Structures are given as C-alpha cells and as structure tokens.
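Starting from the given sequences, assemble the full structure and let the hints guide the process.
As given, the protein sequences belong to chains A and B, one line each in that order. Oh and the first sequence: position 29 is 29 in my numbering, straight run, nothing missing. Oh and the second sequence: position 340 is 655 in my numbering, straight run, nothing missing.
If you're looking for bench data, these hints aren't it; they were derived computationally from the structure. Since we're looking at a predicted model, the values are computed, not measured. One thing to keep in mind: the hints can contain errors.
To be verified - Taking lysine-lysine and the DSSO-like style, the derived pairs with C-alpha atoms no more than 30 angstroms apart in a straight line are: (1) A:312 x A:300; (2) B:359 x A:122; (3) B:359 x A:312.
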Amino acid sequence: MADALGWWGVPLAIAAGTMRGGTPFLFVSLGECLTEKSGKINLGLEGTLLTGAMSAYAVSYLSREAVGDVMAPFLGVLVAGLAGMVLGAIHGWLSQQRRVNDVAVGIAMIIFGSGIAFFFGKPFIQPVAPQIPTLNLGAWSDVPAIQAALRISPLFIFGVILAPAMQWFFKSTRWGLLIRAVGDAPEAARAMGVSIFKVRMLSIVGGSFLAGIGGASLSLYYPGVWTELISSGQGLMAVALVIFARWNPVQCLYASLLFGGAQALGPALQSVGVDSFYYLFNAAPYVLTLAIMIITCSPKKTLTGAPGALGKESS
Amino acid sequence: MLTRKSFEAILLPMGAIIVALLLFGLFCLAAGANPFGVYGSIYKAAFGQWSSWQNTLIRAAPLMLSALCTALPARLGLVIIGNEGALVMGGVGAIIAGLAMGTSAPPFVVQIAMALLGMVFGGAWIAIVGALRHWRGVNETISSLLMNYIAIALLNHLVGGPMRDPSSLNKPSSFPLEDINRLGDIPGTRIHFGLIYGIVACIIAYILIQRTTFGFAARTAGGNIRAARIAGLPVGQLTLAICFLAGSCAGLAGMVEVAAVHGRANESLNVGYGYGGILVAFVARHNPLAAAIVSMLLGGILASGGILQRSHGLPDATVLLFQGLVFLCVLYSESLYGKIPALQPKSELAHPSA
Chain A
1 MADALGWWGV
11 PLAIAAGTMR
21 GGTPFLFVSL
31 GECLTEKSGK
41 INLGLEGTLL
51 TGAMSAYAVS
61 YLSREAVGDV
71 MAPFLGVLVA
81 GLAGMVLGAI
91 HGWLSQQRRV
101 NDVAVGIAMI
111 IFGSGIAFFF
121 GKPFIQPVAP
131 QIPTLNLGAW
141 SDVPAIQAAL
151 RISPLFIFGV
161 ILAPAMQWFF
171 KSTRWGLLIR
181 AVGDAPEAAR
191 AMGVSIFKVR
201 MLSIVGGSFL
211 AGIGGASLSL
221 YYPGVWTELI
231 SSGQGLMAVA
241 LVIFARWNPV
251 QCLYASLLFG
261 GAQALGPALQ
271 SVGVDSFYYL
281 FNAAPYVLTL
291 AIMIITCSPK
301 KTLTGAPGAL
311 GKESS
Chain B
316 MLTRKSFEAI
326 LLPMGAIIVA
336 LLLFGLFCLA
346 AGANPFGVYG
356 SIYKAAFGQW
366 SSWQNTLIRA
376 APLMLSALCT
386 ALPARLGLVI
396 IGNEGALVMG
406 GVGAIIAGLA
416 MGTSAPPFVV
426 QIAMALLGMV
436 FGGAWIAIVG
446 ALRHWRGVNE
456 TISSLLMNYI
466 AIALLNHLVG
476 GPMRDPSSLN
486 KPSSFPLEDI
496 NRLGDIPGTR
506 IHFGLIYGIV
516 ACIIAYILIQ
526 RTTFGFAART
536 AGGNIRAARI
546 AGLPVGQLTL
556 AICFLAGSCA
566 GLAGMVEVAA
576 VHGRANESLN
586 VGYGYGGILV
596 AFVARHNPLA
606 AAIVSMLLGG
616 ILASGGILQR
626 SHGLPDATVL
636 LFQGLVFLCV
646 LYSESLYGKI
656 PALQPKSELA
666 HPSA
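See the structure below:
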C-alpha cells in the first residue's frame, strides 16, 4: 500500500519531514530570536543543541525505572532545557566581558558544548531510551505512510503555540519591551535604569533553554536516537534562519517549516529510488540558507527588524 | 627584547591554558580518572620522547595551515571559520590533480600540481565568502560555516559516486594516488614534508602581514574600514585577496592530508583539523608565527587522544572537551589585558629620568 502511493510518497514524506525536521529548527530559532532581540548573538546554540539532545536521552533512559515510560521522556526534555541554561549562563557571562567578542565565544561554545555532549554521552549511544509519546492523528487511515506522516509530537505543537506567544511577549509585555530596548538602544535602556547585563543574561539563558529543548526533540522525537552525528548543523542554521525571519517569532515558525522540508528532500527522494545525488540533496538546507542570505542581505543598509545593537561592540 | 606588553601577551594565554588544564582535571575526576595521571599521559604521549614528538608534529602541520585560514582574514576584521570546508575542497582539488596526471609526469611535477590545484580550490572556496561579504553584506562567519557543510556534502558525493573506488566498501573513497606521487617523509623521521609547508606558510604569512605594504593596507582596512576607503585603499580587492590566500592555506592542508597521510580522498579529511585551526588562530591572537607554536601544542593534545582512551578509559571526545575549555579560558583572558597591575608598563611619572 505504501508502494501504491508511488511518487505521491514524496510530497507526503516531505510534509511529514517538515513537521519532524522542523521542530528542532523551531526551538533553536525561537531561542536565537530571543537572544538576538537583546542585542547579542549566540552562535554556540549548536553546542547547546547537542548537549540538550544528549542529556534528554540520558535522563529519559536513566529515569524510566523510577518514573515510567511516559513521564521519563518529559523529564528528559526538562533536563535538556536546564542543561541548555547552564551553557547559556556561561555564554551570557563570558560574552559580556570587556574586549570579548560574542561570535568568538559562540565558536568556543560550539566546541565546548559538543565536547560535553560526546564526553558524557558516550555510554548512552547503545541503550534505547523511551521516546516522547506522539499523537496519532492518522489512525483513521490504513496506509502506513499516512499514519507515519500524521504522528505528531506534542513538542511540535508546543513550538507552534510558542511562536505567536513570543510575538505577543515582545509586543505587549513590559519584559518584552525591556528586551527590545536593550537590543535596540542600550544607552537609552541604561538611562532608564535597566541593567543591560541582567537583561541580556536572562535572554541568553532563556534562549538556551529553548535550544536545549530543541536538542531533546532530536534525540527523543526525530530521529529519536542519540549519536554523535545527530545534529547536522541545525543550531548554526538557526542563526541564519532568524535573519531570514527578520527577528519575528511567527516568521521563525514558517522559516523552520521551510527548512524542515528542505531537510526531508534527500531521504524522501531516496525512498522512491532517486539516490544518485543523495548527499547533494542532503546539502539542500545549507544551500537554501546561503541563497536566502545572499538574496536578503545588502551591503548598503542594515536589515529591517534587526536589533540596533546587534553585532556592535558593547560599551 | 621583551617589553612588558609582549610579556603580557605571552603570559595571559599561558595562564589561560593552565586554568583550562585545572578545569579539565575536574572533568577527568568526574569521569573517574586521576587528573595527574591524565596530565602525565598527555605529556608523555605528546612530548615525552622523539617518537611522540613526531606524532605531534605530523598533526601540527595541517593545524598550522588551517589556522592561517582564520588568522589572515582576522587582520581585515573578518571572522572566517570555513577552515574545514576549504581543507576538504583542497583535498578534492589535490586528488583530482593527482589522479588526472597519474604517472604521465615526474612525481615532483605531480606534487606541485596537486598543491596548486588544492590551493586554488581552497582559495576560491573562501574567496566566495569574501566576495559575498563585500558585495552582498552576507555575514562571513555564518556563510563560511554553511560552506563547510556544503563542501563536506560535495566530498561525500564525489567519493560516493563519480570518483568512487569500487574496492572501498566500508568507507567510500576515491581511487588511491600512485605511490610515487605521495608526499614523502623528512629524511630520518616519520614526519612528512607537510610540516615544512606549514612552517614556511606561517613565516610567509607573518612577513606578508607585518612587513609589506599589502599587509599594512589590510591591517588599516581591518582597523577602520571607512578611513581605509577615504585613503583610497581598494577594500574589495584586499578582501578577495586575503580570503583567497587564507583559503589556499587551508586547501594546502587538505592536499597534505591527501598526499601524505591518507593517499586518497575520503571522509577522513574532515576529522576536525578545520575546527582545531580556528582554536589555534584565536589562541595565537591571529599572529602567524605564534600559530605555528600553538599548533604544536594542540597537535600534542590531539596525539594523546588515543592513550587517554586506552589507559584512562576516557571517551575520545575528551580532546574536544579540552579544546573547548582552552578556547573559553583564552577568550576570558582577553578581558584581562591592562587589568593586572604587575604586567603594565610603568608610567612616565614613575620614571622621570626616562
């Protein structure tokens, strides 16, 4: 029956992959969006993602005896977020020191975060951890491909709700205003008596919490294993994705779905027998990111929506 | 003569490395290994005797070349981290030249062609990043990172399809180079000639940046791009030229790995010399001569990876974790310049006679 779908399997697989593959993009890009709104860049979310993936998997595996197969993965998600916050605190503190460049700290955090993940994650490569239960919206169909495609994770739904919520947060709350003020005009915020250090620290730690959850969606949802190759640069692409989304959380959602779909292209085509350019199709998200940046960037003016203090030396 | 300022520039990174070593010891303790035993093993495996020195230097060679890929553009104010991609592309260029020429020319000529094509491939790869930066305003850090992934996908495509040697089953690889075309060892050692390439490249890069008008122009543009434009410096051409040179150094590293170590192109090319090179460049504060020395240190740490696994039961990512710690500590030490009183030059008032 799955064979009966034939080439129709390709758009179906891409649609399913869009949701599965888009979830980590969604969390990391929302995290990066929150961070960049405060005027700092966190390139190190790739490391945070890996640490999140590892700690979620490890906790889910270790706690299954104590809390059962249903709760264990959610505990894993929470711990992944907390682990992300620890890395975020390091980034937030170090990148605000005198003469320290936030891009350089980000590169260091990529190395450090992946080092932590692989160092402590080695024993968890073999065992099988309980996965986050999914909502099977495709139960009405007896075509396995459709059932698989409509198996939706609560994490994905949470992310979809989070995007407009964050939009509202930036637009309509006092805290959102403070973050935007610090990101756009730090001097003015300082004159208002706001501690730039604290606001940026909280934004970076909060963003890293979301990136950690994005990591958990990799190891406990899709692809649902823990290996050292689990992340294929989603944490880095998120930085470009936020630029593409013009620092707007709802557009981050659309952009994440686009990237998830691009990522599903290679495996979807391989499943119907087109595998001669497998590796090149797998590079589709990177080429897409680069193409988007080439089209949207301009040497003449700063981008609309960009926080004013982003990438500037802090005073 | 050492002034207090350069004394500070040497002491602070060294202090940072020592702090990183201490923190690293805590991680080893957490993993159930004796930190002092680990330190001892690293020292023995990296610098303990001549044979371990040779292992260290073999790894230092590609690191030196790859570090220049970050260090040179840094003088222009660009943070380029496309080392891994340029290295991979250089390896691809080298294997294309080496396989195409085969035995039709003397090995010496084939090796030069391999080095040249590797440098052109790597250089063009990073020049694209520079061009995008200059004409489209694309952030060079992110674009160079994306280019890494694209380069690795290209390599996997080439060695898994068009260039695949059917006899390489488990690890898709290109056809092997002819034995006579492989880069030999420095007589009396196991160290290949790549080390000479690396040291020479670092010296040339140092002279180019510090002692030529070209380097002066680049440093000026890096210091203040608007002033450089007003002074009539061709900023676009400078960006392209520096990026091409930077990429060609990493490309040469790829050629060295292909021609001296692996003898063919496969996924062993992207084992992390690119990311190690970024670390080296930052620790050396983008000074090419210092990069040569830091490469030997990091090469030693990489060389000790095996022994940490075998005799202390530590995972192979231990080396990666240590690199991350060193990187973070060195970045923090940047904020201490001018802060430690004992390292500051004495003020004029204190020396009225001077």
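Compare the distance between the alpha carbons of residue 359 of chain B and residue 312 of chain A with 30 angstroms, and conclude whether the hinted pair is satisfied.
Violated, at roughly 44 angstroms.
Take the C-alpha atoms of residue 312 of chain A and residue 300 of chain A, compute the straight-line distance between them, and say whether it is at most 30 angstroms.
Given that 30 angstroms is the threshold and the Cα spacing comes to 17 angstroms, the pair holds.
Restraint check for residue 359 of chain B with residue 122 of chain A, where alpha carbons must lie at most 30 angstroms apart:
holds (25 angstroms)
When the structure is compared with the earlier hints, a violation turns up for hint 3 alone.
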